[in-house]
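J.: Protein chains in written order, with UniProt numbering: chain A, 1 to 423; chain B, 1 to 423.
Quick caveat, the hints were computed from the structure, so don't treat them as lab data.
Please note that a few of the clues may not be correct.
[Said to hold, decoys possible] BS3-like, lysine-lysine: derived pairs with alpha carbons at most 27 Å apart:
1) B:Lys-324 <-> A:Lys-262
2) A:Lys-324 <-> B:Lys-262
3) A:Lys-262 <-> B:Lys-332
4) A:Lys-262 <-> B:Lys-317
5) B:Lys-262 <-> A:Lys-332
6) B:Lys-78 <-> B:Lys-192
7) B:Lys-135 <-> B:Lys-359
On a predicted model such as this, the values are computed, not experimentally measured, just so you know.
2 protein chains.
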Amino acid sequence: MKRAPFSVIISFIKRGLNNMTKTTKQFNLLDLLKKFSVLGRTSSEGVTRRVYDSNWVAAQLKYADLAEKYGLNVFTDKMGNLYASTSNDPEQGPVIMTGSHMDTVVNGGKLDGTYGTLASLVSLGELVAEYGAPKVPIVAVSFSEEEGSRFETTFTGSKFLTNQFDDTVYNITDKENITFEDARKKALDELKSKIKMMHSKWKIAKYIELHIEQGPVLEKERIPIGIVTGITGQIRVLIQTHGIANHAGTTPMNMRDDAMRKAVSLMNDIYQELEQTSGLRYTIGKITATPNVANVVPNNVTFSLDMRHLDQSILNKVFDEISKLVERHDGKLTLTTNVKASKMNPHLKSVLEAAAQNKNLDYKCLPSGAGHDAQVVSYKFPTGMIFVPSINGISHSPLEKTEAKDLINGRETLKDALYKLAY
Amino acid sequence: MKRAPFSVIISFIKRGLNNMTKTTKQFNLLDLLKKFSVLGRTSSEGVTRRVYDSNWVAAQLKYADLAEKYGLNVFTDKMGNLYASTSNDPEQGPVIMTGSHMDTVVNGGKLDGTYGTLASLVSLGELVAEYGAPKVPIVAVSFSEEEGSRFETTFTGSKFLTNQFDDTVYNITDKENITFEDARKKALDELKSKIKMMHSKWKIAKYIELHIEQGPVLEKERIPIGIVTGITGQIRVLIQTHGIANHAGTTPMNMRDDAMRKAVSLMNDIYQELEQTSGLRYTIGKITATPNVANVVPNNVTFSLDMRHLDQSILNKVFDEISKLVERHDGKLTLTTNVKASKMNPHLKSVLEAAAQNKNLDYKCLPSGAGHDAQVVSYKFPTGMIFVPSINGISHSPLEKTEAKDLINGRETLKDALYKLAY
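Please model the entire structure based on the sequences and the hints provided.
T.: Listed below in structure tokens is the structure:
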């Protein structure tokens, strides 16, 4: 897309955008992704950008700088969410919001979160450059935190914006024993010195998030665009079996109480139970035995079970069945994660489908098995979500990658949808 | 048992013991066990005495000192095995040997090895004090190493004595990167400065080892003496299943290659296969998953399988069956330990039974599921073994304990057997 400074200036004058600078610059999304990947780059070419750390501050300031260069109004809030808005008045009527998160997992990729964040800003910048101010204000957002990679809490940015934030989070400490509150204050001091603080919250009419799929479906089926139907609910539990530690050689079989034997039998029954339920995704990803020595009968085995389904009632039913199964096996179950399933807005879904069609892009409607800010926002506001393919389905890894043309296709689809909704 | 210094002196003169000092002292076994438990005591009241470390050197020197005080001839060899002998000539015809090992596991108890080592020395000292020199020379031994707690090698003391030592051991390094050879040399320099070095090896007529059971059988059945029938063969393998790591939420079930699911199915089949074989002891004690994260499908699961049986042909057959099973499950099996089953000598077994009867002690013939120096020696020479009860079957732990009266009963039974064999 060509830069159009003169037409932009004319368009600004025509539409009378409030307080927007009258010159704008355009940026290449792929270049931007490269530049942001340096902020927290790891030795293995991954990215570690944890909320409120120095790389995170640098990235949010860079985002603000870009937004200003696009001639947008820039705001931050108490959490350090960044907003690039066509409106200079946060109190103004409902806005169309689009974006993703700026933090990463430890040694993650350069696309998860950052792609949607930058693609939203670029799309908005281009729309304004081409068409001037929208009828409905558009706000691009760079959420402060989604991954939970620094503090044992997730989605704090979108939760704060949508009034789902729990104040106990302020006291959570990271590995260096720094509280969320102290880290937040220090980072906010840096942001506030350059960015306008907003003390109200945006009224959200609609939210659209663009993200990499982080799964293999689109790539395997060679489909460039995914339209998300809903985000699966997730229940994660830790299951323990107990026994008595004893010498593997000297303890007769009939005098043993073997936690591993119990665990294997229970895990086997869990798999058999869960494979009955269509649409369920289930994973035993983590296991530890104590004392975990080849010649000692284990006295404890602990394993995780992660279950996800688009239909919350089915997920709840499965959880009940597993609870009973664990009880029958004399095990112990602890619920560690419980995120409710969410449905994307049907109207927004059809807008996104039309946008893909408009761009001549094949698309597929599919659920998201991973959590996203869109999930948190969708509990409160109409939400839609676009996926682009992930090569080999890999994410949360330095190997995370998406073809350049797919990155562009995603941005084009988003831009088309935003235009339809706001202009 | 009373000290009898005068009769001992007379007895020495009558029997004409070569080079034995003419005054002897007697020691209390329980006191000695306490004193040796200080050499390597850990913060949790356990004992860590690894071969050739400073506590090990101190313990062997203390053993030598005791032996000298008993008026016995003391020798060491290239491995640092200590011998307390009624004969001053190692070239002299076959001897009756009795003892155990001086090293411990990391944070082990004060009885495993040390009990048999000290009880043998005390029994021999008392026999000589009471009855003078035996017809057949008796040698008490304190083997240098059995546990493998410093270097990845076990039984080096008894293997060296019985010509089963593998020279590649010299190059094995410990965690501080010190070679077995360097550690050995340094420790031997200290021993040699005080103890006579022998360059030949004892000709062994018979070997008897006294040890704690390290299992629950004798204590549960309230029987003070165990006569070991044989030591189980042990085959230990590592089994691996492979898959592809993927996101637990975004990867549909039909696109997964889940190493945990394969491992659970395989472990379940292994248990079902192994429970068919009577007399087999089998343990899955150790398991690790990679990357071992709750929301990632594991790409690798590795678990140990330890199998023991008194009958080597049955053990071999079971191993073959497991190998086939692992192959059918597309797993990978690596043999890590293969210790052949050994049978105790029937004549020595009957001598030990008679000794227990003579002491009015109830006894039970039982297999040993743990490895012992007696196992190594038995491949070459007639061997017998006595067990005393372990409270709760606990061993390799600071909680390892045996009632005082049981410790005394074991020593009395050994002493009686030695008398019958040598006088």
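J.: Work down the list of hints and note, for each, if the structure agrees.
T.: Quick rundown of the hints versus the structure:
1. B:Lys-324 <-> A:Lys-262: Status holds; Cα separation ~24 Å.
2. A:Lys-324 <-> B:Lys-262: holds, 24 Å
3. A:Lys-262 <-> B:Lys-332: Distance of about 24 Å is within 27 Å: holds.
4. A:Lys-262 <-> B:Lys-317: The hint holds at about 26 Å.
5. B:Lys-262 <-> A:Lys-332: holds, 24 Å
6. B:Lys-78 <-> B:Lys-192: Status holds; Cα separation ~10 Å.
7. B:Lys-135 <-> B:Lys-359: Holds - the C-alpha atoms of Lys-359 of chain B and Lys-135 of chain B are around 23 Å apart, at most 27 Å.
Taken one by one, the earlier hints all hold for this structure without exception.
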